[in-house]
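Number of protein chains: 2
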Amino acid sequence: MLQIPHRLLHGPGPSPVAPSVLEALGKPCIGHMDPAFMRIMNEVREMLQLVFRTENAMTLACSGTGSAGAEMLMDNLVEPGDVCLIGINGVFGGRLTDKAKRAGGVVHNLHAEWGQVFDTDEILAKIEELKPALVAFVHAETSTGACQPFDRLAEATHKHGGLLVMDCVTSLTGLPVEIDAWGVDAAYSGTQKCLSCPPGLSPVTLSERAMHKANNRKTPANSWYLDLNLVGNYWGGSRAYHHTAPVNMNYGLHEALRLALEEGLENRWARHQRVHELLKAGLVERGFEYASDPEHSLPMLNLVRVPDTIADEAAARRQLLEEHQLEIGGGLGKLAGECWRIGIMGHGAREENVSAILSALDAVVAQPV
Amino acid sequence: MLQIPHRLLHGPGPSPVAPSVLEALGKPCIGHMDPAFMRIMNEVREMLQLVFRTENAMTLACSGTGSAGAEMLMDNLVEPGDVCLIGINGVFGGRLTDKAKRAGGVVHNLHAEWGQVFDTDEILAKIEELKPALVAFVHAETSTGACQPFDRLAEATHKHGGLLVMDCVTSLTGLPVEIDAWGVDAAYSGTQKCLSCPPGLSPVTLSERAMHKANNRKTPANSWYLDLNLVGNYWGGSRAYHHTAPVNMNYGLHEALRLALEEGLENRWARHQRVHELLKAGLVERGFEYASDPEHSLPMLNLVRVPDTIADEAAARRQLLEEHQLEIGGGLGKLAGECWRIGIMGHGAREENVSAILSALDAVVAQPV
Numbered sequence: 001m002l003q004i005p006h007r008l009l010h011g012p013g014p015s016p017v018a019p020s021v022l023e024a025l026g027k028p029c030i031g032h033m034d035p036a037f038m039r040i041m042n043e044v045r046e047m048l049q050l051v052f053r054t055e056n057a058m059t060l061a062c063s064g065t066g067s068a069g070a071e072m073l074m075d076n077l078v079e080p081g082d083v084c085l086i087g088i089n090g091v092f093g094g095r096l097t098d099k100a101k102r103a104g105g106v107v108h109n110l111h112a113e114w115g116q117v118f119d120t121d122e123i124l125a126k127i128e129e130l131k132p133a134l135v136a137f138v139h140a141e142t143s144t145g146a147c148q149p150f151d152r153l154a155e156a157t158h159k160h161g162g163l164l165v166m167d168c169v170t171s172l173t174g175l176p177v178e179i180d181a182w183g184v185d186a187a188y189s190g191t192q193k194c195l196s197c198p199p200g201l202s203p204v205t206l207s208e209r210a211m212h213k214a215n216n217r218k219t220p221a222n223s224w225y226l227d228l229n230l231v232g233n234y235w236g237g238s239r240a241y242h243h244t245a246p247v248n249m250n251y252g253l254h255e256a257l258r259l260a261l262e263e264g265l266e267n268r269w270a271r272h273q274r275v276h277e278l279l280k281a282g283l284v285e286r287g288f289e290y291a292s293d294p295e296h297s298l299p300m301l302n303l304v305r306v307p308d309t310i311a312d313e314a315a316a317r318r319q320l321l322e323e324h325q326l327e328i329g330g331g332l333g334k335l336a337g338e339c340w341r342i343g344i345m346g347h348g349a350r351e352e353n354v355s356a357i358l359s360a361l362d363a364v365v366a367q368p369v
Numbered sequence: 001m002l003q004i005p006h007r008l009l010h011g012p013g014p015s016p017v018a019p020s021v022l023e024a025l026g027k028p029c030i031g032h033m034d035p036a037f038m039r040i041m042n043e044v045r046e047m048l049q050l051v052f053r054t055e056n057a058m059t060l061a062c063s064g065t066g067s068a069g070a071e072m073l074m075d076n077l078v079e080p081g082d083v084c085l086i087g088i089n090g091v092f093g094g095r096l097t098d099k100a101k102r103a104g105g106v107v108h109n110l111h112a113e114w115g116q117v118f119d120t121d122e123i124l125a126k127i128e129e130l131k132p133a134l135v136a137f138v139h140a141e142t143s144t145g146a147c148q149p150f151d152r153l154a155e156a157t158h159k160h161g162g163l164l165v166m167d168c169v170t171s172l173t174g175l176p177v178e179i180d181a182w183g184v185d186a187a188y189s190g191t192q193k194c195l196s197c198p199p200g201l202s203p204v205t206l207s208e209r210a211m212h213k214a215n216n217r218k219t220p221a222n223s224w225y226l227d228l229n230l231v232g233n234y235w236g237g238s239r240a241y242h243h244t245a246p247v248n249m250n251y252g253l254h255e256a257l258r259l260a261l262e263e264g265l266e267n268r269w270a271r272h273q274r275v276h277e278l279l280k281a282g283l284v285e286r287g288f289e290y291a292s293d294p295e296h297s298l299p300m301l302n303l304v305r306v307p308d309t310i311a312d313e314a315a316a317r318r319q320l321l322e323e324h325q326l327e328i329g330g331g332l333g334k335l336a337g338e339c340w341r342i343g344i345m346g347h348g349a350r351e352e353n354v355s356a357i358l359s360a361l362d363a364v365v366a367q368p369v
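Top line first, the protein sequences correspond to chains A and B.
Mapping to full-length UniProt numbering: the first sequence position 295 is 295, numbers consecutive.
Mapping to full-length UniProt numbering: the second sequence position 262 is 262, numbers consecutive.
Hint data in this document are derived by calculation from the structure and do not stem from the laboratory.
Treat the hints with care, since some could be wrong.
[Claimed, not checked] Selected chain A positions facing chain B (in silico; Cβ < 10 Å):
hint	residue
1	I30
2	S67
3	H254
4	E327
[Claimed, not checked] Just so you have them, the derived chain A footprint on chain B, three or more residues with Cβ under 8 Å:
hint	stretch
5	6 to 13
6	222 to 235
[Said to hold, decoys possible] Within a straight-line C-alpha distance of at most 20 Å, the following computed SDA-like cross-link-like pairs (lysine to any residue) qualify:
hint	chain 1	residue 1	chain 2	residue 2
7	B	K334	A	A240
8	A	K101	B	K334
9	A	K334	B	S238
10	A	K126	A	E155
11	A	K218	B	K101
12	A	K131	A	V106
Everything numeric in this text was worked out from a predicted model, so none of it was measured.
Ideal placement from N, C-alpha and C gives every residue a C-beta, glycine not left out.
Using the sequences and the hints given, assemble the complete structure.
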């Protein structure tokens, strides 16, 4: 039988999962066309609408991880030849670019230093210049801890008939994400960050404007599995069978969403901020330096420089894992070897977890292997 | 909290899940880059190699349902302009065709009546004529209950440098599936059929010949999420982060595979055959007529005509579900309204389940609503 070690999950996700979510995951499987499962899908959709702060009818849990959700949006919203403007200030803007290109998009990138955000005026000027069919930015860059403001982007994008796309994989339920108020046309997230459900599904939402584009393509989307004309009919509309939905993963997401809404989104955002400040104070007190823009840092993902006293950062992370059961993340891409990523997400954003993180860091940084 | 009704799952899948698989699903989540999870992935791969009867190094659980596994193969193995030969004798051959076309394939179809299989000589003649780069047939057509023989196909396909692809979504561990002995270059399955794990992952396996093609494409695959050059590095090779694997779903698959191998594949195949014969005897005794070719019928999926006494077959299935907790499948595609699909898969292929199915049918067919 499978032996699973005890871990404190404080990397970039997956985050610690509440016991009731694990219990929901292990409930008996039922059919993907069962009226009882249709009710669960409806409730998942309604709760996703609440956490996304949207009335978008096309709101669902894509049957893959966050990367599949990103691909679902690029595949359905980008037509061959479409001009796209995508910001790259970390790993995930680069991945969006790759996906948009595979969908046939003509992609123009804005670049910012990793850990920094884009100046809104710079983005607006580029939108005026390119008049892109699609504008995509990462709200919460999981690879750098930077939080991109989204104000004024929708108006500028819509002026030229474009669609505004947001990656909110790491921010959803940990920070305000206001799909309708910000005028975002399509967004995707993951379950394993601030929602604290195991990975395997990707919440996505699309406005009527976005669905108008998806429904009126000249060529089919690259993907059958992610084709919103087909998936959308299963999640709503005719309920026509498309694929066999990951039934038990949807149970887990249902319970994770219920917990988030029971707590209240405002309370949950405030809890992430409060626990972030506690962690940050402890880290700064110990001489850790933040590597992301202090004005635009995420509360749930803390990017710090590896202390000079640590010669082998990968060995130090192994020691944290093996001796203290603590998982933190290494740097990704350009930041590999230079930075650590410390996550306090969802069920893991608690005062006692901060104490455990700081104690483990004290032991390993003071006495590196 | 989520209330899940009790169900006897005897449709086309998902099938009943063993308690230890549900228990595994609900174990605490750990990181997707944790060495302990890497060990689990290695064990999942080793066990998948055993159930596929292959030594293929590229054997893994694709992070989506069976339809994603099918798309992973079409996306990576079909290059724009490739001539493909795909058999359609049910819904799933049609879907493979759609996916191959989206990948840029020039698809030629062979058609057979739904419920029938293709004559091997007819396939061989078509391969000789077309010299296709890819030949794909469905081993176990979940929409019709037909079982396609695969003998002699590999030799003919390889003679012209082509790749042989097999859909074994419904057959894996319920019937002999011999990837290496049959010379199959790439195959995909699902977890929710005879493996009796909830849906959410797709076991796939690719030969070195298939991977040579995937690794030497002139253009990237349509999909980033399913790109085997990237996914393969995470499952083997450099272990480079690609996407966040569905950790808990892999726990469930691990336990489901362990149970299958503990029973022994030959014993499991024999059990499916034995329980099928018991079910068939009971159905025939009650006047049910099989609608699939009796020489090539699947044991785990029984296609029967809706009895003449039933005026509203959907209402009868609802009655089976609501009054007897029994899920059976309706007909799919051309067979909608005409046939029922009764599955006895994996953990559900048991004598006592046959009794429950027959009792429920007796009650509903004798007294339809």
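Right, here's what the structure says about each hint:
no., hint, verdict
1, I30, "holds, 5 Å"
2, S67, "holds, 4 Å"
3, H254, "holds, 6 Å"
4, E327, "holds, 5 Å"
5, 6 to 13, "holds (count 5)"
6, 222 to 235, "holds (count 4)"
7, B/K334 with A/A240, "holds, 14 Å"
8, A/K101 with B/K334, "violated, 38 Å"
9, A/K334 with B/S238, "holds, 18 Å"
10, A/K126 with A/E155, "holds, 14 Å"
11, A/K218 with B/K101, "holds, 15 Å"
12, A/K131 with A/V106, "holds, 12 Å"
Checked against the numbered hints above, the structure violates only hint 8.
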